[in-house]
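With the sequences and hints as input, model every part of the structure.
Residue numbers (this note's numbering), protein chains in the order written: chain H, 1 to 255; chain G, 1 to 255.
Just so you know, the hints here were simulated from the structure itself, not pulled from any lab data. All C-beta atoms in this analysis are idealised placements derived from N, C-alpha and C, irrespective of residue type, glycine included. Incorrect hints may appear among the rest.
Now the in silico label distances, taken between C-beta atoms and shown as ranges [stated by the list, open to error]:
| # | chain 1 | residue 1 | chain 2 | residue 2 | range |
| --- | --- | --- | --- | --- | --- |
| 1 | H | Ala29 | G | Asp62 | 56 to 64 angstroms |
| 2 | H | Phe235 | G | Pro39 | 31 to 39 angstroms |
| 3 | G | Asp4 | H | Ala203 | 53 to 61 angstroms |
| 4 | G | Glu214 | H | Asp62 | 32 to 40 angstroms |
| 5 | G | Arg47 | H | Phe235 | 36 to 44 angstroms |
| 6 | G | Ser145 | H | Ala241 | 29 to 37 angstroms |
| 7 | H | Ala29 | G | Arg47 | 20 to 28 angstroms |
| 8 | H | Val236 | G | Asp4 | 42 to 50 angstroms |
| 9 | G | Ser32 | H | Gly218 | 44 to 52 angstroms |
| 10 | H | Gln179 | G | Glu111 | 35 to 43 angstroms |
| 11 | H | Val59 | G | Asp62 | 49 to 57 angstroms |
| 12 | H | Gln179 | G | Ser32 | 30 to 38 angstroms |
| 13 | H | Met222 | G | His18 | 27 to 35 angstroms |
| 14 | H | Gly56 | G | Ser32 | 25 to 33 angstroms |
Sample of chain H residues facing chain G (criterion: CB under 10 angstroms; computed from the structure) [as the list claims (entries may be wrong)]:
| # | residue |
| --- | --- |
| 15 | Met20 |
| 16 | Leu108 |
| 17 | Ile110 |
| 18 | Leu120 |
| 19 | Asp158 |
| 20 | Arg234 |
Stretch by stretch, here's where chain H covers chain G in the computed footprint (C-beta under 8 angstroms, at least three residues) [claimed, not checked]:
| # | segment |
| --- | --- |
| 21 | 35-46 |
| 22 | 74-83 |
| 23 | 90-97 |
| 24 | 126-138 |
| 25 | 172-179 |
| 26 | 235-243 |
Number of protein chains: 2
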Amino acid sequence: MTGDGSLWIAGLGPGPAHWMTPEAAAAIAQASDVVGYGPYLDRLPLRAGQRRHASGNRVEIDRARLALRLAAEGRRVAVVSGGDPGVFAMAAAVLEALEEGDPAWRALAIEIAPGLSAMLAAAARLGAPLGHDFCAISLSDNLKSWETLARRLSAAADGDFVIALYNPASKARPKRIFQAFDLLRRRKDAATPVAFARAVGRADERIVLTNLGEADPGLADMSTLVLIGSSETRFVARGAARPWLLTPRSYGAAR
Amino acid sequence: MTGDGSLWIAGLGPGPAHWMTPEAAAAIAQASDVVGYGPYLDRLPLRAGQRRHASGNRVEIDRARLALRLAAEGRRVAVVSGGDPGVFAMAAAVLEALEEGDPAWRALAIEIAPGLSAMLAAAARLGAPLGHDFCAISLSDNLKSWETLARRLSAAADGDFVIALYNPASKARPKRIFQAFDLLRRRKDAATPVAFARAVGRADERIVLTNLGEADPGLADMSTLVLIGSSETRFVARGAARPWLLTPRSYGAAR
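Encoded structure:
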């Protein structure tokens with residue numbers, strides 16, 4: 001171990017370069033080694049001499065260990081994450097690997113470059129659905145029992161939060177999104193606005209606006225962020241264009 | 001009304017230029033008129049010929065109406081927001097003004113450039129506190145009754161979410177943060193990790209790590225983001241440096 005290695009955990013944002021921060025771009029540019037999910041690495045303008053370490057989507061912890069090992073060998077490593085590395089992503093994976101790994105890893109210089117998380121990009125496209133209190137729930141945790149998820153969804157409905165569902169269509173748990181909608185339909189008004197925001201900012205972007213009663217959960221794939229309104233979320237018409245989605249800043253304000 | 005006006009609602013991120021997206025920077029650069037809270041405008045490298053419209057912090061709806069009026073007059077307007085305009089900020093204010101205002105405003109070309117919200121920047125500094133399900137609650141809504149806020153905080157505790165508290169120290173409601181901590185102490189373990197992340201990324205950044213039992217809510221000012229862990233959030237030691245804060249990606253996973 002040379003002692004001068006370093007590790008950046010950098011968020012790429014939802015896809016387009018204009019949504020990546022200068023800090024994340026600089027972290028990637030200075031790296032000797034870039035570690036990440038293959039399709040994410042393919043998007044990056046890596047320079048000659050930079051080593052790419054591409055891996056599949058389901059091995060975050062292995063990717064984290066590889067990044068830590070390379071940094072411990074003295075490499076300048078950037079491990080990249082779509083969206084924000086702090087939200088259901090690589091920052092937690094790296095710290096979990098750090099906890100369980102070589103004690104020397106704890107002395108490494110590690111920095112995290114935040115990125116635009118999918119719900120912020122989706123919200124910007126939709127209007128202002130996150131204008132008041134909201135929560136973010138991941139459906140892709142294979143270790144989370146349905147009881148735990150149901151507890152969280154119920155609490156989110158009881159608290160009348162706007163709800164952002166991440167990773168709604170896990171291959172391992174394809175029924176979860178249907179179960180989630182069934183639960184929310186029992187606890188929230190059928191007229192509650194719902195948005196399926198797929199691949200926002202990318203060529204295959206697709207937005208579907210609907211309501212809780214009519215929504216087809218099958219529209220959600222792994223590139224989709226699902227937003228479910230609070231009791232105050234409403235549509236704002238704008239002529240021929242798709243209406244805006246608005247959760248006002250004040251709770252209980254007269255319309 | 002000339003019909004060729006436009007309005008960008010642009011997020012500046014938490015402060016430093018390396019956390020502003022290229023899209024937001026471009027939206028500001030192309031504007032003939034930049035509207036915003038004075039100290040935010042002071043941070044921007046405005047060019048000669050651009051008109052500044054600075055206002056105080058408590059008049060978001062007036063600022064929104066001004067931006068819409070200027071755009072309707074044919075100006076290229078950028079209205080700026082700290083952090084992300086979609087989170088408790090200007091995007092909702094503009095859509096509220098749009099709902100109530102001149103019907104012609106609905107035909108305006110409006111676009112939203114998302115930004116890094118304070119909780120993402122704070123999380124990046126702290127490690128991975130948002131690695132699993134979380135919610136964001138604003139304490140600054142003067143129209144939200146204590147009963148409504150208590151309902152949301154209780155639901156967040158019942159759901160075992162990580163909790164991000166925005167605008168914790170409203171001048172109009174200085175006791176709210178103390179009431180909020182009292183409520184959470186009755187419902188969550190005293191050992192739950194808590195972070196006060198003040199002005200992250202700016203010269204006066206200050207991070208305090210503590211736990212729910214020992215936390216002094218008086219540490220929170222209007223530049224502070226308060227993070228309160230779930231039952232799974234823990235500290236990860238790293239030698240002499242401040243420990244990381246981690247909420248693992250899987251719920252109920254063995255440590």
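Structure-based check of each hint:
H/Ala29 and G/Asp62 have their C-beta atoms about 42 angstroms apart, which leaves the hinted 56 to 64 angstroms range violated. Checked against the given bound of 31 to 39 angstroms, the beta carbons of H/Phe235 and G/Pro39, roughly 34 angstroms apart, stay inside it. Between G/Asp4 and H/Ala203, the C-beta spacing of about 28 angstroms breaks the proposed range 53 to 61 angstroms. Separation of G/Glu214 from H/Asp62 is about 37 angstroms and conforms to the stated range, judged on CB atoms against 32 to 40 angstroms.
One distance hint, 36 to 44 angstroms for the beta-carbon pair G/Arg47 and H/Phe235, holds here, with the actual separation near 37 angstroms. In this structure the supplied range 29 to 37 angstroms holds for G/Ser145 paired with H/Ala241, their Cβ-Cβ distance being about 35 angstroms. Hint check: H/Ala29 to G/Arg47, Cβ distance near 27 angstroms, so the stated range 20 to 28 angstroms holds. Between H/Val236 and G/Asp4 the beta carbon distance is about 22 angstroms. The supplied range of 42 to 50 angstroms is therefore violated.
With their beta carbons about 46 angstroms apart, G/Ser32 and H/Gly218 fall inside the hinted range of 44 to 52 angstroms. Checked against the hint of 35 to 43 angstroms, the C-beta distance between H/Gln179 and G/Glu111 comes to roughly 36 angstroms, which is consistent with it. For the pair H/Val59 and G/Asp62, the beta carbons lie near 51 angstroms from each other, so the given range of 49 to 57 angstroms is met. With their beta carbons about 51 angstroms apart, H/Gln179 and G/Ser32 fall outside the hinted range of 30 to 38 angstroms.
Roughly 30 angstroms separates the CB atoms of H/Met222 and G/His18, a value that falls within the hinted 27 to 35 angstroms. Under the hint 25 to 33 angstroms, the C-beta atoms of H/Gly56 and G/Ser32, about 48 angstroms apart, miss the expected range. Here the hint on H/Met20 is kept, as its CB sits about 7 angstroms from the closest CB of chain G, short of 10 angstroms. About 8 angstroms separates the beta-carbon of H/Leu108 from the nearest beta-carbon of chain G, less than 10 angstroms, and the hint is met.
For H/Ile110, the suggested interface contact is upheld, since its CB lies about 8 angstroms from the closest CB of chain G, less than 10 angstroms. About 4 angstroms separates the beta-carbon of H/Leu120 from the nearest beta-carbon of chain G, less than 10 angstroms, and the hint is met. Of the supplied interface hints, the one on H/Asp158 holds, with its beta-carbon coming within about 5 angstroms of a beta-carbon of chain G, less than 10 angstroms. The interface hint given for H/Arg234 holds, since its Cβ lies 9 angstroms from the closest Cβ of chain G, which is under the 10 angstroms cut-off.
Counting residues of the segment 35-46 of chain G whose C-beta lies closer than 8 angstroms to any C-beta of chain H gives 0; at least three are required, and the coverage claim is violated. Figure legend: the segment 74-83 of chain G, annotated as covered by chain H; annotation inconsistent (0 residues with Cβ-Cβ distances under 8 angstroms, at least 3 required). Evaluation of the coverage hint for the segment 90-97 of chain G: fulfilled, as 6 residues show C-beta separations to chain H shorter than 8 angstroms, against a requirement of three. Requiring three or more residues with a Cβ within less than 8 angstroms of a Cβ of chain H, the coverage given for the segment 126-138 of chain G holds, as 12 such residues are present.
Coverage of the segment 172-179 of chain G by chain H is violated in this model, with 0 residues showing a Cβ closer than 8 angstroms to a Cβ of that chain against a need of three. Proximity of the segment 235-243 of chain G to chain H, defined as three or more residues with a beta carbon under 8 angstroms from a beta carbon of that chain, is established by the 4 residues found.
In summary, the numbered hints that this structure violates are 1, 3, 8, 12, 14, 21, 22 and 25.
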